[in-house]
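*Asks:* Put together the whole structure using the sequences plus the hints.
Given next are the chains, with one letter for each unit.
There are 6 protein chains.
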Amino acid sequence: MRPSGRTPEQPRDVRITRNYTRHAEGSVLVEFGDTKVICTASVENKVPPFLRGEGKGWITAEYGMLPRSTGSRMGREAARGKQGGRTVEIQRLIGRSLRAAVDLEALGEHTITIDCDVIQADGGTRTAAITGGCVALVDALNHLVAAKRLKKSPLKQMIAAISVGVYKGTPVADLDYPEDSEAETDMNVIMTDQGGFIEIQGTAEGAPFEQTELDSMLVLARKAINELFEIQKEALGAEA
Amino acid sequence: MRPSGRTPEQPRDVRITRNYTRHAEGSVLVEFGDTKVICTASVENKVPPFLRGEGKGWITAEYGMLPRSTGSRMGREAARGKQGGRTVEIQRLIGRSLRAAVDLEALGEHTITIDCDVIQADGGTRTAAITGGCVALVDALNHLVAAKRLKKSPLKQMIAAISVGVYKGTPVADLDYPEDSEAETDMNVIMTDQGGFIEIQGTAEGAPFEQTELDSMLVLARKAINELFEIQKEALGAEA
Amino acid sequence: MRPSGRTPEQPRDVRITRNYTRHAEGSVLVEFGDTKVICTASVENKVPPFLRGEGKGWITAEYGMLPRSTGSRMGREAARGKQGGRTVEIQRLIGRSLRAAVDLEALGEHTITIDCDVIQADGGTRTAAITGGCVALVDALNHLVAAKRLKKSPLKQMIAAISVGVYKGTPVADLDYPEDSEAETDMNVIMTDQGGFIEIQGTAEGAPFEQTELDSMLVLARKAINELFEIQKEALGAEA
Amino acid sequence: MRPSGRTPEQPRDVRITRNYTRHAEGSVLVEFGDTKVICTASVENKVPPFLRGEGKGWITAEYGMLPRSTGSRMGREAARGKQGGRTVEIQRLIGRSLRAAVDLEALGEHTITIDCDVIQADGGTRTAAITGGCVALVDALNHLVAAKRLKKSPLKQMIAAISVGVYKGTPVADLDYPEDSEAETDMNVIMTDQGGFIEIQGTAEGAPFEQTELDSMLVLARKAINELFEIQKEALGAEA
Amino acid sequence: MRPSGRTPEQPRDVRITRNYTRHAEGSVLVEFGDTKVICTASVENKVPPFLRGEGKGWITAEYGMLPRSTGSRMGREAARGKQGGRTVEIQRLIGRSLRAAVDLEALGEHTITIDCDVIQADGGTRTAAITGGCVALVDALNHLVAAKRLKKSPLKQMIAAISVGVYKGTPVADLDYPEDSEAETDMNVIMTDQGGFIEIQGTAEGAPFEQTELDSMLVLARKAINELFEIQKEALGAEA
Amino acid sequence: MRPSGRTPEQPRDVRITRNYTRHAEGSVLVEFGDTKVICTASVENKVPPFLRGEGKGWITAEYGMLPRSTGSRMGREAARGKQGGRTVEIQRLIGRSLRAAVDLEALGEHTITIDCDVIQADGGTRTAAITGGCVALVDALNHLVAAKRLKKSPLKQMIAAISVGVYKGTPVADLDYPEDSEAETDMNVIMTDQGGFIEIQGTAEGAPFEQTELDSMLVLARKAINELFEIQKEALGAEA
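Residue numbers (UniProt numbering), protein chains in the order written: chain U, 1 to 240; chain V, 1 to 240; chain E, 1 to 240; chain C, 1 to 240; chain Z, 1 to 240; chain H, 1 to 240.
In case anyone wonders, no lab produced these hints; they're calculated from the structure. Among the clues, some could well be false.
Identical chains share a label here; the pair holds if one copy fits it or two copies do between them.
Mimicking SDA-like on lysine to any residue, the simulated pairs with C-alpha atoms at most 25 Å apart in a straight line are [claimed, not checked]:
#1 151 x 48
#2 233 x 145
#3 82 x 60
#4 168 x 157
#5 56 x 92
#6 56 x 74
#7 156 x 212
*Replies:* Structure follows, in structure tokens:
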């Protein structure tokens with residue numbers, strides 16, 4: 001019944017490729033089916049003005065889509081001279097979510113920027129970015145330890161994200177683009193590997209959604225996210 | 001235990017003043033305690049390019065804060081030459097939420113812009129904006145009927161919004177600024193007067209939140225929003 | 001003969017409400033008839049780069065109109081990404097005028113920003129902004145004294161402003177929007193409470209104006225501004 | 001007593017060179033002493049959106065300074081990405097003033113843009129721009145007649161401008177930069193060749209100015225502007 | 001003697017992967033050693049304003065670098081709100097070069113945009129972009145034929161590009177980043193597969209270069225570019 | 001055969017007027033026939049951030065065209081809020097070329113900005129700007145010596161530039177606008193007075209160009225540039 005033939009609770013194949021490019025302290029290609037996002041983590045020895053002198057670090061994120069990552073070409077944001085509202089909203093969500101992974105006091109005066117660039121889009125780019133970005137972040141934290149700039153990694157917990165929704169009346173996990181553009185409700189769920197919620201953003205695209213649908217979606221989300229934690233763990237191997 | 005002395009489930013005094021300024025088709029001053037937002041609804045006889053020729057209407061929103069609506073002066077966005085990420089995120093939320101109130105087909109080729117300008121901020125500006133903006137929107141729809149540009153109002157349902165959160169371990173409704181800046185979790189809930197959810201945005205500011213906390217917050221939200229619907233109804237009187 | 005039924009020399013009812021919002025060091029709602037402007041004065045302990053190290057202070061102003069303060073909705077300047085020419089011109093005028101009220105040496109290294117936001121426009125917004133802004137400025141200066149950051153207020157003189165013009169051949173004071181849009185000549189006059197001119201800006205909208213008309217307009221302006229000084233004094237009470 | 005040795009009522013040498021560059025329909029180099037401004041008038045067969053279909057024309061102006069027209073280099077506005085407040089204020093003044101020269105109905109659906117670019121600044125650039133720009137405008141209007149796009153020139157009257165001020169207590173005409181930066185009062189006066197005022201902008205830079213000073217300045221302005229009309233006439237020769 | 005151990009005339013391994021992403025009409029990953037660029041070609045059924053109604057098509061290009069494609073993170077151009085000078089210069093070069101590949105009359109009223117996004121940089125990104133972009137362009141032209149929007153491909157000739165330079169006194173081909181940052185002279189050569197030059201851009205970074213060095217560099221360039229045409233042909237197989 | 005009647009190797013009359021405006025440390029009007037560019041050199045006692053503390057100086061350039069320097073009016077870049085791609089490309093070329101004239105170590109921590117503003121355009125504005133800008137630069141360097149801020153001028157060599165091209169099948173030197181808009185190939189050549197190349201930028205506008213055409217164009221360029229060095233020398237007189 002789903003266009004992809006998946007069962008309602010079945011996420012797409014998820015692949016995480018570490019060290020995808022060579023310059024960044026963390027560099028990951030994350031694929032949720034046909035959605036492909038390059039996530040790099042870059043370390044700088046400084047913090048934004050509002051944190052100066054506080055001895056704490058910062059995690060932030062930026063998001064972009066290649067102009068032809070989508071079915072029809074989108075104007076390049078650099079050429080138009082500003083980031084669109086959707087971009088801003090997504091990169092703020094990624095940044096907030098990944099800050100929850102790290103003890104910012106223990107990070108010290110470093111900023112880690114997670115750049116998430118979508119090279120092919122098929123729905124769920126923000127949840128892929130958070131899930132892959134967390135792995136790039138772990139690599140960058142381990143880099144700081146290896147470079148003796150930190151004694152131990154300030155990682156507190158892993159973070160992963162999945163979209164869930166109500167598609168033709170049925171709650172489903174990990175919507176692809178054909179589902180996403182038809183879904184009545186679309187919800188992004190971000191959780192920790194200890195089972196807590198970091199962020200929930202549910203939107204009724206058509207009819208309002210009811211408490212029972214919300215509950216069903218959250219059950220699907222929790223199950224799918226647990227699978228993502230396994231995939232992250234496998235990708236990181238001994239380094240997690 | 002709350003700084004304001006309110007009980008956990010007690011929202012602030014909410015006041016809705018219609019016809020607050022004289023030019024707009026709908027003009028409301030909404031106050032959630034010390035949070036004060038001017039919401040105007042402006043009707044135009046045209047639609048954005050992506051809707052042209054489809055015979056449908058559109059509802060959109062813009063949000064701003066006066067520079068000194070806050071404790072320390074914020075730079076004016078018009079002078080800095082761009083709207084900040086928080087502004088963009090909030091105005092997109094308001095627009096999405098209020099579109100759910102209206103049958104866009106029945107609205108015909110009109111655009112209604114809801115401008116929400118915060119003149120004094122004390123937490124909860126976006127939920128106040130949605131709640132007051134919905135009343136301004138109803139007035140603008142009725143204006144179209146009175147002006148014989150529509151046969152009947154295309155209003156489908158009323159929309160209202162409240163923030164809930166976990167403050168010092170206790171779920172509370174309608175956070176003011178002192179609570180908001182300390183809360184572990186902050187969630188904005190937007191509902192219809194028929195009991196469905198339009199949007200849920202919950203964010204763990206510190207520790208992750210658990211399913212039980214989520215459930216408690218949603219109970220508080222539903223109760224408070226029902227009070228808001230009463231206040232909207234009273235403000236609108238016979239015109240609702 | 002004036003659309004409002006006023007006599008040529010009669011300004012509109014002017015009301016000045018102090019402490020209109022609660023965060024700013026000075027906060028005034030000024031009303032010239034249906035023109036309503038919120039003027040706040042914000043104090044910062046720093047000066048612009050060109051004054052650093054000179055021991056002097058600075059007064060500056062910013063001006064904005066809510067999008068629907070006017071008969072048809074104006075695009076929001078923050079969304080368009082720049083302030084229009086009219087806005088820039090007006091805020092520079094307000095800033096210049098109010099700097100004349102204060103002994104900048106005695107102000108020390110503080111900047112006071114006067115934000116003037118029009119919530120309802122019916123002509124004369126810039127003169128209302130100057131007249132109300134001066135009261136907000138006085139409150140901010142007194143705040144610096146009360147906070148023991150200055151020994152005494154560096155106020156030199158009060159400043160007020162009125163528009164005058166030639167409407168259907170007759171010089172009139174305090175033009176409202178219906179007059180303003182029809183007037184042959186429009187002049188803004190800014191004066192001190194000691195009778196000197198701070199700024200005169202007269203523009204022929206249609207036919208040029210003659211010396212005798214200029215003289216008549218200045219007589220009307222002086223008379224109306226003297227009434228404004230009384231209203232400012234009454235608003236300030238013992239604090240002036 | 002004036003740094004230049006001029007008498008109080010003596011303007012600088014004024015030179016107007018027509019056909020200064022070859023592409024524009026009107027092209028003038030205007031010099032007020034060491035102040036040198038290139039004024040071009042460009043004709044387009046269209047009008048701004050707000051005038052479409054009304055059968056009227058439009059006159060507008062743009063102003064710029066070469067980065068090193070001044071004593072120390074100013075940042076290039078094109079590189080900074082926006083025109084400063086002073087630029088905007090000046091070009092609006094030039095546009096308003098020169099619109100008064102022309103019967104816009106008789107101009108028909110043409111826009112004439114007056115570009116005023118300062119190549120060397122020594123005070124009074126805006127008054128030089130208006131005075132020289134009017135000559136470029138006349139040439140452009142005559143070009144429309146010569147090209148048979150208009151039957152007769154829609155010129156109504158000539159416009160010229162001068163600055164006057166109070167320098168060390170004495171009213172003086174046509175301030176140069178050393179005077180301008182020290183003057184207590186600075187006033188720009190724009191008049192028609194029939195003796196009416198188009199615009200008066202007087203600003204107290206230090207102490208307020210009194211009615212008697214205003215009157216003296218206006219006498220000086222009228223006298224100097226009459227000389228400017230002679231110089232314009234001579235430059236235009238038989239074509240005026 | 002070259003850091004990579006290559007001989008002076010030896011370019012890096014070049015790989016061209018077609019159909020790299022799935023949405024674009026042409027999509028290529030081009031690798032010149034460690035330099036990796038995604039080139040997509042997007043077809044639109046319209047032309048820029050300056051070509052409307054002329055029956056001709058247009059080829060244009062945009063260029064970007066992922067923020068961490070380089071050794072230290074570069075600010076994202078979309079976030080800074082403008083494309084830097086180097087970006088503008090490169091994308092104009094790519095566009096000019098690839099327009100030479102196509103008979104624009106025969107293309108008809110279509111625009112093809114070549115987006116070149118660098119995911120990993122090691123010198124020579126613009127020459128890689130042109131070489132890979134030409135293959136993406138061929139695919140897009142063939143797509144137009146397959147979709148029956150053109151009778152036959154308007155391809156006139158293949159285009160490829162290589163950098164040559166003088167490194168430690170010796171002319172070398174295809175500089176990588178360690179060479180590029182040390183080279184005395186850097187020249188980009190763009191040619192057709194019929195042996196003509198499309199563009200030559202040679203810059204002395206340190207000492208000026210002499211005619212003999214220019215001649216040697218051009219010999220190296222011609223030889224390397226001929227190898228690139230072989231690699232393009234092999235990638236395209238029967239479709240060239 | 002050339003529209004101007006010149007022989008293929010004949011450049012236009014070139015005139016260099018020093019001290020053209022009075023404020024800049026170097027100020028030159030350069031004319032290549034009807035192309036007229038004001039080049040000023042401005043000295044500042046500081047260097048850009050990337051050079052701070054290195055004891056070296058910097059040379060940079062900015063380029064602009066007056067809106068009506070061309071046949072039809074171009075929009076003012078300051079008003080549009082950004083510099084176009086062509087402007088950016090040209091000013092980067094001028095800056096790179098003129099940096100080659102100076103020993104930046106010997107310049108010490110000074111920045112010299114060369115502003116090139118085209119007041120009348122007839123082709124070849126960038127080569128005129130480089131040729132005239134070099135003279136302004138020499139004047140600014142000599143100013144630093146005269147002001148005892150440098151012991152001796154850090155000038156290493158003179159720089160001049162010419163355009164060459166293939167017009168109706170024949171290589172020609174110093175293309176004017178009618179030739180430039182028709183030429184098959186357009187090449188800008190920048191050389192030192194010791195005969196080395198600083199930059200070569202050749203572009204096939206129509207058909208590709210061949211090695212023999214390249215060689216012919218370079219011969220023409222070298223000859224014409226040698227004439228430019230004579231004209232520079234004559235303009236500088238004893239100061240070169």
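*Asks:* Looking at the structure, which of the earlier hints fail to hold?
*Replies:* Violated hints: none; all satisfied.
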